[in-house]
Amino acid sequence: MEIGAALGFFLQNLINGVTLGAIYGLIAIGYTMVYGIIRMINFAHGEIYMIGAFVAVLAFSVLAAAGITAAPLALIIVLGISIAFTAAYGWTVERVAYRPLRGSGRLAPLISAIGMSIFLQNYVMLTQGARPKALQPVITGGIDLWQGPNFTLTLSYSQLFIVAVTVALMAAFTVLIARTPLGRAQRACEQDRTMAALLGINVDRTISLTFVMGASLAAVAGVMVTMYYGVIDFFIGFLAGLKAFTAAVLGGIGSLPGAMLGGLLIGLIEAFFTSYVSGAYKDVAAFSVLILVLVLRPSGLLGRPDIEKV
Amino acid sequence: MAAMSLDLPRRLRDAGLAALMALFLAVPFIGLRTVADGSGLSVVTRWDGVVAAVAVVFLGRLLLGFASDALAGWRARRPARARAPASADAAGRAARIFGIVAILFALALPFMPFSSTNVMNWGLLVLTYILLATGLNVTVGLAGLLDLGFVAFYAIGAYACGILAPILGLGFLPMMVISGLVAAAFAVVLSLPILRLRGDYLAIVTLGFGEITRIVITNWQSLTGGPNGLRIPVNPSLPGLSFERRSPDGMLNFYELTGLRYSGELKLTAYYYIFLAIVLLAIWAVWKLRRLPIGRSWEALREDEIACRSLGINPTASKVSAYATGAMLGGLAGCFFAARQGFVSPESFTFIESALILAIVVLGGMGSQIGVVIAASFIVLLPEMAREFADYRMLVFGAAMILIMVWRPGGLLSTREPALRLSDKRQPPPGASPSLSTGATP
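So the protein lines, in turn, are chains A and B. Sequential numbering of the first sequence, starting at 1, is according to the working numbering. Sequential numbering of the second sequence, starting at 1, is according to the working numbering.
With the rest of the complex left out, here is chain B (with noise of 0.2 Å):
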C-alpha cells in the first residue's frame, strides 16, 4: 500500500508554491483596480478579493493532487484486463441507440411538459451550432483542414439570403439552397490558392478570411446595410405554407387551414420542425458522404496526405470538395438564422463564434457526429442555464474550455472510426491498434 500512502508534506509545499504564484498574479488585477475620476486614474484597493483567491488555488491545488494520488494507486490496483477497451460493436451498437433516442427527444420535444417558448429558442439555437459543427466536421474533423474563420460561411449564407431574396423573389426553401451554394461558391474560390499550405499557415489564412469578411460587411454599407443590419424579407416556411401570423401573398396561412390560433410558441415549434427537418437531411448526407469515395479520401488525406498522392488521389481535389461541403452547411445555418431572426448584423459574426463552433467539434471528439451533437448542445445551453453568473459565463465557459482539453485532449467521444472495413471476417493480427478494427459497419 505504499503507492497509497499520502505524500502530505510534497503536496503542501506544491500548493504552497501554487498560492504564492496565485498571490503574485492577483496583486496587479484582483487586488489592485483603477478607476476613473475627474483627472485621471485613481488606484483602489481590494486586499479580500487577493486572499479570497490564494485561499480557492491553495485548496484547489492541494484537493486536485490529493485526487491524482488517488487516481493514480486505483490504477495501479486495478487488473490490466479490466483496461481492455470495450468490444467495438458494443459501441457501435451504443452510438447507434444514442442516436435513435436523441432523434425521438428532438421529434417530442416540443410536445414535453416543460416545453416553451424559451424551450424552442434554445432549440433552434443548438440545432444551428449543430448544423455548423457538422459543417465545420467536415472541414475539419474528417478531412484535417484547420478552419479558424469558419464564421465567415455562415455571415456569407446569412447575407446572402438577405441581398438576394428580394431580387430573386424565392421563397424559403429555395433561399436556403442558394445560400448554401453562395457559401460553397465563395469556399472554392477561396480554397483554390490556400489549400497547399500547411495546417498552422491554413488556420491563420482562414481567420484572416473570416475577420475580412466581417469587415467588408460592416463596410460595404449599400450592400449589407453595415453596423446597422439587414432586415431578411424572408421567413421559414414550406413551399406555399406560411407561419406566420399574416402570411404574404400567394401562400396558405397555416393557422387559417388547420383552425388553431397563432401563438409565437406554435410559430417558433413549425421553425423547429423544419429546421430539424433539415439538419437531420444534413446530418444524414454528411453519413453517406463519408461511405462514398469522395468522403474516404477525406479521411484518408487526413491522415497521411502523402500516401494519398501516392495512391492516386487529387489532394487539391479532395480538399476544395471537403472545404466547400462543410461551407455549404455553414450557409445553410447562416440563411436559416437570417430567416428566423429576420435581421443580420455583423456583430453576429466575431471571431468568438468560430471559435464557439471549433469548441464544439473538438470538444465533440473530431469526426465523431454524435459527439458533435452532444458538445453542441452542452455549449450552446451551459451559457444559456448560467445566465444568473451572467457576468461570469464567458470566465466559466474560457475555464471549461481549458479544463477539458486538459482531461481529455481527443474530445469528448474521441474514437477515430473509420468509414469502412473492408472484411468483417478477417481478425486483426493480435497487438494491431484497436481502433483500427472498430467501427460501424457499413
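Chain A with its partners taken away, still in its complex shape (with noise of 0.2 Å):
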C-alpha cells in the first residue's frame, strides 16, 4: 500500500504540473513568438495575461447576473469575450509602446514594455481595485482515477479541461505556422524582415497580428487560471510572465514545440518541487533550471544554435 500511495502521490503531482504547465506554455508561445519576430523581450505580456484574467472574471461575473450558468456555454462565451478584448490590449501595446521604437537599439523597447508593464498593473488596480477577486468554481468534480486508503488519485474536469483546450490550440497553432500565408509570412519576417518587406509582405500587420495571437493564447491562459484557481489580482501577471518567459527560453526561445515543453517542464518542476522538497523555494528551482541550461546549452532545448556572423 505505501508503494501505491507514494506512486498516486507521484502521479497526482504529475497530473497537477502538467496543468501548470499547459497555461505557462501558453503564455510562452507570446513570448517566443514576438522574440523570434522583432527580437525583443515582451516585457509587458505577463499583464496581458493579467489582463485575460481579469476580463474573464468580469465576463463570468455578467454571464452570472444575466443568469446563463452553464458550465460549457458559459465557457466558450468567456473565452470568446476574453480572447477579443485581450487581443485587442495586445494590438494597442504593440501599437503604442513597440511601433515607434523599431529599428532603435534593444533597450529602449525593453524599457518602454518595463514602462507598459508597470502602466498596466496600476491601470488595472485602479480601475478593479487592489483586492484579490475571488470567483465561484466553473467547473466542479473529478474523476477518481484510483482510490488508496488514505490517499485518493483525482483528475478534475477542470484540469481535464485546461489540458485539452491547449492540445486543441497547439495543434491549431502549429497548422496556422505550417499552412497558411499568415504562418508563411511571420516565418518570413522572422528570417530576415528587409527581405520580407521586399518580397511584399506588410511587416507592420505581420507583426501586430503576432502581437494578437500571442494575446489570445494569453487570454486563454488567464480563463483557464481564473477558472482553475479562482483567485486573481492585478499582480498575478509579473510572476506568470517571468515563468513563461523562462519556459520560452528553457525551450529554445523562437522554437513553438519548444516553449509548449519548456512550460510544461516549468509546470512539472513547479509542482514536484512543491511536494517534494519546499514550497517556498519552489521559484528558485525553476530559475536555477533555467541558468543550468543557459550555460550548459545557451539555444535553448529545441532552439536552434544562433551563430554570430562577423
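Mixed in with the good hints, there may be bad ones.
[Stated by the list, open to error] Quick list of the computed label-pair ranges, beta carbon to beta carbon: (1) B:Leu107 to A:Gly129: 43 to 49 Å; (2) A:Ala134 to B:Arg245: 48 to 54 Å; (3) B:Val35 to A:Leu73: 21 to 27 Å; (4) A:Gly4 to B:Thr45: 53 to 59 Å; (5) B:Trp220 to A:Ala164: 37 to 43 Å.
[What the hints assert, rightly or not] Chain A side only, calculated, beta carbon under 8 Å to chain B, not exhaustive: (6) Met116; (7) Asn202; (8) Pro298.
Treat the hints as calculated values from the structure; they're not laboratory data. Keep in mind it's a predicted model, so treat the numbers as computed, not measured. Yeah, the Cβ is synthetic: ideal placement off N, Cα and C, and Gly gets one too.
Put the two chains together into one complex; each comes in its own frame, and the hints tell you how they fit.
What follows is the structure, encoded as C-alpha cells:
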C-alpha cells in the first residue's frame, strides 16, 4: 500500500504539473513568437495574461448576473469575450509602445515594455481595485482515478479541460504557422524582415498579428487560471510572465514546440519541487534550472544555435 | 506651403479610429467593475469614465497629429545647416560646467533656505539612486551587459552590512568597504558561468538571480530575519566620530564636540555629506576607470565583441571586472541604505527597484554620467513631488517611461563619447560620423 500511495502521490503531482505547465506554455508562446519576429522581450506580456484573467472574471460575473450559468456555454462565451478584449489590448500595446521604437536598439523597447507593464498593472489596480477577486468555481467535480486507503488520485474536470484546450490550440497553431499564408509571412519576417518587406509582405501588419495571436493565447491562459484557481489579483502577471519567459528560453526561444515543452517542464518542476522539497523555494528551483540549461545549452532545448557573424 | 496645410479629414479619421479603439478597451476595465458582495462578485458600471477616457484619447490623438504635422513642416522649412550638431567641444564644456554647478548645488543644499528634514531625506534618496545607477551604468552603459537583477547586489550589500557588522564589530566605513566587496564577490561567482550568454539571455538570467536573491532573503529566517526584516547595528559615521544623539562606546560625539544641539535634520545633514563624498568618489573612480585600459576594454566590448577578441582583449576578464565593479557600487549603496534606515526587509528589493535603476541609466543616456545624475533626480523626485496623486503616480510613471522612450529612444543625453582620443590634431575625414570625433579631451 505504501508504494501504491507514493506512486499515487507522484501521479497526482504529474497531473497538477502538466496542468500548470499547459498554462505556462500558452503564455510562453506569446513571448517566443514576439521574440522570434522582432527580437525583443515583450515584458508586458505577463500583464496581457493578467488582463485576460480580469476580463474573464468580469465576463463570468456579467453572465452570472444575466442568468447564464451552464458551464460549457458560459465557458465558450467567456473564452470568446476574453480573447477579443485581450487581443485588442495586445494590439494596442504594440502600436503605442513598440512600433514607434522599431529599429532603435534593444534597450529602448525593453524599457518601454517595462513602462507598459507598470502602467497596465496600475491601470487594472486603479480601475478594478487592489483586493484579490475570488470567483465561484465554474467546473466542479472530477474523476477518481485510483482510490487508496488514505489517498485518492483525482483528475478534475477543470484539469481535463485545460489540457484538452491547450492540446487543441497547439494543434491549431502548428497548422496556422506551417500551412497558412499568415504563418508563412511570419516565418519570413522572422528570418529576414527587410527581405520579407521587399517581397511584398506587410511587415507591420504581420508583427501586429503576432501580438494579437500571442495575446489571444495569453487570454485563454488567463481564463483557465481564473477557473482553475478561482482567485486573481492585478499582480499575477509578473511572476507568471517571468516563469513563462523562463519556459520560452528553456525550450529554445523562437520555437513553438519549445515553448510548450518549456512550459510543461517549468510546471512539472514547480509541482514536484513544491510537494517533495519546499514550497517556499519553488521559484528558486525554476530559475536555477533556467540558469543551468542556459549555461549548458545556451540555445535552449529545441532552439537552433545562434551563430554570430561578423 | 502645401506641406503646412492641415490635413483635417485625415487627422479626424485617425483620431476617430483611436477613440473607437479606446472605447472598446475602456468598456471592460473602466466601464465595468466587479465588486465583492456577500456570495460572489457583482458588477457595477461607470459609463461616465468610459466617455471621459474616449474623449481624452480622441483629443489627445488629434492634437498629437497636428503637432507632428507642424513639426514636420517646421523641419522641412529649416535650412539644413541649422541641423548640424553643435560643436563637440562646446558640448564637452557644457557638460563640465553642468557638473561643477551640480556639485556646488549638492554641497550647498543643506544651507539652502528651503532646506528641511524632507529635503535632506530626498537628497539622500537621490544620492542612493545616483550611486546605484552609476554602478549599473558600468555594467549596462559601458560594458553593454544588460542586467535586470541589479537589485540583488543592492540587497546583498545591505544584508552583508547587517549580518557582518555584529560579527566583525567594525565601524561604518569599513563595513561599507566589506559590503561592496561581498557584493563584488557574489558578482564574480555568478558571472563566471553566465557571461558567455548573449544579451537577452543574460538579461533574463540576471532577472532570475534578482528574484532568487529576494526569495532566499525572505525564506532564510535564521540569517536574515525573513519578512520581518533585520535590524542594522551600525549608523553612518566617520572613524571615531558619531552623529547619533548618544554615541556608541569608544566614539566621540559630534554634538558634545561642537556644542551644537542635536536635531534630526543636523544628523541627516551629516549623513548627507558623508554619502555625498562617497558618491562623488565613486563617480570620480568610474570616470578614471574609463580612461584606463580596463575601462576602454569595456566600451570596446560593448561595441564589438568579435573585434575585441581578435585584438587580444580577454572578453571574460573584461566582463567579469565590469560586472563586479557595478555590483560593488550597488553593494556600497545597499550598505549605506541599510545603515541609514537602521532596518532592512526584503520588500525594499523587488524587481521594480531593478527596473527603476535601469530606467535611470537608460533615460540618462547609456554611459553618460551626467545623464545618470539628472535622470536619478528626475525619477526619484517626480513620484515624491506627486504625492497628492499618490494613487496615480505609478500609472503616470509607467506612461512617462513609454513616452520618453518614444520621444528620445537613446535617452535624454545620448551622446556616445569615447573616453579617449588618440590625436587631437588629425581631423576626421569629411562625412565621418560626428560621434567619432566628439568627446571629452583626456
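Going through the hints against the structure:
{"no.": "1", "hint": "B:Leu107 to A:Gly129: 43 to 49 Å", "result": "47 Å, holds"}
{"no.": "2", "hint": "A:Ala134 to B:Arg245: 48 to 54 Å", "result": "49 Å, holds"}
{"no.": "3", "hint": "B:Val35 to A:Leu73: 21 to 27 Å", "result": "25 Å, holds"}
{"no.": "4", "hint": "A:Gly4 to B:Thr45: 53 to 59 Å", "result": "54 Å, holds"}
{"no.": "5", "hint": "B:Trp220 to A:Ala164: 37 to 43 Å", "result": "41 Å, holds"}
{"no.": "6", "hint": "Met116", "result": "6 Å, holds"}
{"no.": "7", "hint": "Asn202", "result": "18 Å, violated"}
{"no.": "8", "hint": "Pro298", "result": "6 Å, holds"}
In this structure, the one hint that does not hold is number 7.
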